[in-house]
Structures are given as structure tokens and as C-alpha cells.
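Engineer: Line order of the protein sequences matches chains A and B.
The first sequence begins at 1 in UniProt numbering and counts up one residue at a time.
The second sequence begins at 1 in UniProt numbering and counts up one residue at a time.
The set of hints was computed from the structure by calculation and includes no laboratory data.
Glycine included, every Cβ here is placed at the ideal spot set by N, Cα and C.
One should not assume that every hint holds.
Pairwise CB distance ranges (calculated) [unchecked claim]: (1) H9/A - F120/B: 40 to 46 Å; (2) D271/B - V25/A: 27 to 33 Å; (3) I138/B - H9/A: 29 to 35 Å.
No farther apart than 30 Å at their CA atoms in a straight line, the calculated lysine-lysine pairs in the DSS-like style are these [stated by the list, open to error]: (4) K8/A - K205/B; (5) K85/B - K20/B; (6) K205/B - K85/B; (7) K85/B - K8/A; (8) K85/B - K10/A.
Here's a subset of chain B near chain A, in silico, CB distances under 7 Å, partners left out [stated by the list, open to error]: (9) L99; (10) I138; (11) L140; (12) A192; (13) G212; (14) Y216.
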Amino acid sequence: MRITVNGKHKQITDPTSIAALFEMVGVNPEQVVAEHNGTILAPQQYRETILREGDTIELIQFVGGG
Amino acid sequence: MNRKQIQIYLNERSLTVAAKMPLRDLQQQQCPNADLLIVNGYPCPDDHLIADQDHIVMIRRGVAPSPQELEALMMARHTPGVHAKVKKARVGIAGAGGLGSAIAIALARTGVGFIRIADFDVVEPSNLNRQQYFVDQIGLPKVHALRDNLQRINPLVTVDSYYGKITAENVNELFADMDILVEAFDRADQKAMLANTFLRDVPEKYLVAASGMAGYEPGNSIRTRKINNRFYLCGDNLTSAGPGCGLMAPRVGIAAHHQANAVLRLILGEDPATQG
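Here chain B stands alone, though its shape is the one from the complex (with noise of 0.2 Å):
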């Protein structure tokens, strides 16, 4: 008898199957060693019977896909035509404490084929408030400690390490290559010297700052604002770090992607922000 054949996706590769097959079939078939079935986004026990157009993911708990399989399967959740642009796209990140340990994270998951980190701090127990590092990488070069941690995020990515003062000579050589800067440092004159610099000595190439996301004061007040065709700042403007006004995981963390998204919009072409 001549079953009906049917379009699935497993482990995001088209595959054509029998209709009404149960999953364990597929599974001793295709993957034997897995010991997890999800289909269309939930695990499902082995006696469901495949369906048209089913998106099936098969993996073994603990062990790591293979480089080209996890690009896949992260991907798969991207809108359609996004991945191919972030793989080409460049990315620099001046800084890597709470906005630039947060925004590196959210580009490497985005998929960000290069992204440069520079900073030339190490992490202390004090910036586990809102950073994205452990406790066991305290004393650590916090661009050593992030590039292992985008490393197990997404291998994929292309992480470039600078450990070392960025100042207004070092500026141009260090992101001219970048296609977009991010600004993610924590003083506000080291942020002015940065844009500056950068607005100056490297023409063409965007740049994406942040300003005013201390404290616990609403996290609407947080927005992309357009200053020119090249440059972007993120934040309310207004609250700054100081005495009795903390810098908080929240906003900081709103504040970090919102130059995330900034960046990703750049990518794909889209204006980040109206103009004021």
C-alpha cells in the first residue's frame, strides 16, 4: 500500500515521511540516541503521529549539537531573512560592564557574526549586581570572562577581545573596522571622549551610546533617541549614577537592550528611532 508521504522539519532540515508515522519510528530512524522529542515547540511522548508541516527537534539531554545543527536550531525562532544579515554584520562594544556585558549577550544570541569587546577592567563582587558574570569570575579580565561566556552561549560567533584602556588615540584603530560602535561605558566623560572621538575620526560607521538609566524610576523613560543619521542614544537622559541613585540590573538592562535593539535594526536597514 502507497501511505501518503508528508513534509516535516526535523532538527530544521526538510524531510519528506510517511503520514501518520509515530515519533518513535522517526526517532530509531533518524536519532536514536536522543531522549527528547519536541514537536512544534513542546516535548511530546513518543506515540504521536506525525503531521504536515510538524517542526520536530530530537536531541540527546546534555550533549552539544554540532556547530552547524545549533546554528539551526537557535535560528529557527529568527524571523525569516535576519540571519543571514547578523552573520555578516560587525559589531564593537566600548566597555563590558552592565550595558556592554548585557548588550554583547543579546547579540550573540541574535546570531552577531563578529562582535569586539574592549574593556580594561576585571570583575569584582560588586558588579555581579547587574553584569553578566559568576561569581566564579571574579578577579577575571571582564573581556576573557565574557568571551567564555558568549563562547557557551553561541560558538558560532567570532568573539574578539581587547584587554586594555580605550583612549582618544586608540579609538580609530581598535573600531574602524566595526560596522556599528556601541557605547557602553560607565563614566560620562569617557562616553563624551568616546562619541566624540569616534563621531570624528571614523566616518560613516554608526554609533549607538547610552545615557541616564540609573535607579528604579519607571522603565518607559527609557528610549532610542536619534541624534544624527549615525548616531543613536539610549537611555532617559537624565538619572545618573551617584550617591543614593544605584545602578540597578532592570534598567541598566533595559537600557543595554535597548542599544541591542538599535544595533539589530541597524543591521536590517530599519531607522532605530524618530527623530527627538
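This is chain A alone, in the form it adopts within the complex (with noise of 0.2 Å):
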């Protein structure tokens, strides 16, 4: 199935939550703001939200300093 991660395809098996794409892609749920189809989802929601095919998820990760 394929979904468009920060503008770019990318090929999933089903069933993937949105957590287990942040371990795919390398990415500290700690440290992220997760935009689904326009939405951004809350912590809470990172587990229990499967990825469909087509989703569009924007990951804005934050890195430390200022």
C-alpha cells in the first residue's frame, strides 16, 4: 500500500500504525508534530491510527536548542 510521507512516496504493508511508521522512518514521538490527512493527531492517537492507502502524513520533527 502506499502513502505519501513529507511529500514523498513510500510503500507500507498493511496493518501499520502511525507509530509503528515513526520506527520505520526513524523518528522520536517524543520530539514530533504528526499531521494525518491535514489533521495532527495527538500522542494518544499514535497507536491506535492505521495508515490507509493514499494517506498523506506530514512529520514535523522538532530538534533541541534555543
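Mind docking these for me? Both chains are given alone in their own frames, and the hints should help you get the complex.
Structural biologist: This is how it looks when you write it as C-alpha cells:
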């Protein structure tokens, strides 16, 4: 199944949760804002949200410093 | 003899005077205590002959002008129309470290009417390499030191300070009544917590966040990105602070001023960045 992550196509197997996607692409769930089809997900939704064909994900990863 | 009249601006007030009046005559009439005479941006001797449309400022060294006079003088360098809009704006700043202290100062100088600053930390010596505090403020809560500094810069700004930790539970209470929230934290997980909470709990308000400004990589790699219609991110998005890559005044300042400029553009109804 094909999804779009930060503007790039990605093949994944079904079922894949947002939390599993984080592991695949190496994102720390504590340091990210995840937009799923235009909606910002609450951190509690990462495990329960299962990706579907054609979904668009934007991952905004923060790095430390300020 | 009826001498020609000209229009000038004295301390930003419009005034009609006789043409070719020597500056010293105007000073004696209008500001007898002034000892610094500035014409069109330059200090000027008192025998200068006043010309039409001159912008003249007369002040006494070391004496603070009245609040109204100060406001007119400070805002004289703004593009016309900017001042009324920024004065009405309410901006929250989460974090008063390297980013937050510089952003607050830029916004106070710009004349933003209401600034709320929140932070749980005190000023430490290691902060002084990049944060806008002074040696004699070591040990003070940052929000109190910053409030004092902002008041010294522009007493016309209302500064509201919250000395305490910002958590997912109090983001709404602290910042829901702001037009724009600026994320100015240090830790990546705190940045993400604030962005996640604010974007979901406080609908329709803008968030300007920052990510990636450590070290001394080229300043040009720091930019302002539009994430969505109400979420902007400033920084190089890459360079995290850590061992071997410290946080330094120039690049933190660049990122902070990207954020402050994004805030100003939002207040003025301009998009701070292009998508992507």
C-alpha cells in the first residue's frame, strides 16, 4: 500500500500504525508533530491510528536548542 | 514684513514656523532645556537654518521623554500604518531563553502592545553567551528580568509574566487569549508538546515555532517555513544543540528574529513564508 510521507511516496505493509511508521522512518514520537490527512494527531492517537492507502502524513520533527 | 511660513516636524508633531529660522530660536521657543538638537537624523549645530519638511528632534541628554512623546519618537522609524496594528496585537512567548528573550525585545521595540512571557527558569551565567540578560540579573527569574528589560526599552508595552512551568495542562489557560503564540523552548520534546497542545487545543490562533539553530553553520541556512495556515517553523530544522555543537548568540539570534519577523508579518496580514 502506498502513502505519502513529507511529500514522498512510501510503500508500507498493512496494517501499519502511525507509531509503527515513526519506528520505520526513525522518528522519536516525543519530538514530533504528526499531521494525518491535514489533521494534527494527539500523541495518544499514534498507536490506534492505522494508515490507509493514499494517506498523506506530514512529520515535523523538532531538534533541541533555543 | 510677512516672512514665508514652512511646515516642520518637531519631536514628531507638525508645526508651522517662519522660513529660515535658526534652530536656536526654535529651541528657545519650544524646548529651552534641550541640549541635543537632531535634524533629519543628524546632530546639528544651533545656527542651522530650518527648512521646509525638516524632522527635528530636541531632547535633553539622559532625561526620559514623556510616554506620549517617546511613543511618537520611537515609532517615527516605522513604515506608516504599522504602528496602529502592532499596538493592538497580543503575543505570547513560551520560553524566555536565547530565543524568547531576543524575540520579546524585538517585539517590544516594534511596539507590540501586549506581550505575555512564560518561563520557569532563573538567569544563570551560562545563559549570558546568547540570552538577553545582564550579569547583575544572575539568579533572577528570567521572566522578571526580561519584564524589567522590556520596560526599560519601551515602557508603553504591557508585559505580563508567568513564572512557572508550561505543561500540556496549562497551555490553553496561559495563551488562548493571544493572537499569536511563539514557541521559544530549548528541548525538542517540550517544543513538540507545546506545538501539539496549542495546535489542537487553541483553534485558529497562529503558532510560530523554531527548530535547528545551534552551532555556527551559515546563517543563510536558517529560514521560515510554512507548515500549514497557522503553523510556521523557523530554523535550519537540522542542527540540534548537543556535545560539540553549542548554542551561540549569532545563530540563535537569527532564528529568534526570523520568528519575530514572522510575528510582525502575521500581525500585518502578510504570509511569513512560502509553502515548502
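Engineer: Please go over all the hints and tell whether each is borne out by the structure.
Structural biologist: Structure-based check of each hint:
1. For H9/A paired with F120/B, a C-beta distance near 43 Å keeps the hint of 40 to 46 Å intact.
2. Separated by about 29 Å at the C-beta atoms, D271/B and V25/A satisfy the suggested range of 27 to 33 Å.
3. Checking the proposed 29 to 35 Å range against I138/B and H9/A shows it is violated: the Cβ atoms sit about 53 Å from each other.
4. Between K8/A and K205/B, the direct Cα distance comes to roughly 29 Å. Compliance with the 30 Å bound is thereby established for this hinted pair.
5. For a cut-off of 30 Å, the pair hint linking K85/B to K20/B is broken: about 37 Å separates their Cα positions.
6. Taking the CA atoms of K205/B and K85/B, the gap is about 17 Å. The hint holds against a cut of 30 Å.
7. Restraint check for K85/B and K8/A: not satisfied, since their Cα atoms lie roughly 40 Å apart, outside the 30 Å limit.
8. The suggested pairing of K85/B with K10/A is violated, with an alpha-carbon distance near 45 Å, which exceeds 30 Å.
9. Proximity of L99/B to chain A holds as hinted, the smallest CB-CB distance being about 4 Å (cut-off 7 Å).
10. Among the interface hints, the one on I138/B is violated; its C-beta lies about 20 Å from the nearest C-beta in chain A, farther than the 7 Å criterion.
11. Here the hint on L140/B is broken, as its CB sits about 19 Å from the closest CB of chain A, past 7 Å.
12. With a cut of 7 Å, the hint placing A192/B at the interface with chain A holds, because the nearest CB-to-CB distance is about 5 Å.
13. For G212/B, the interface hint holds, since its Cβ comes within 7 Å of a Cβ in chain A; the closest pair sits about 5 Å apart.
14. Violation of the interface hint for Y216/B is found here, the shortest Cβ-Cβ separation to chain A being roughly 13 Å, above the 7 Å cut-off.
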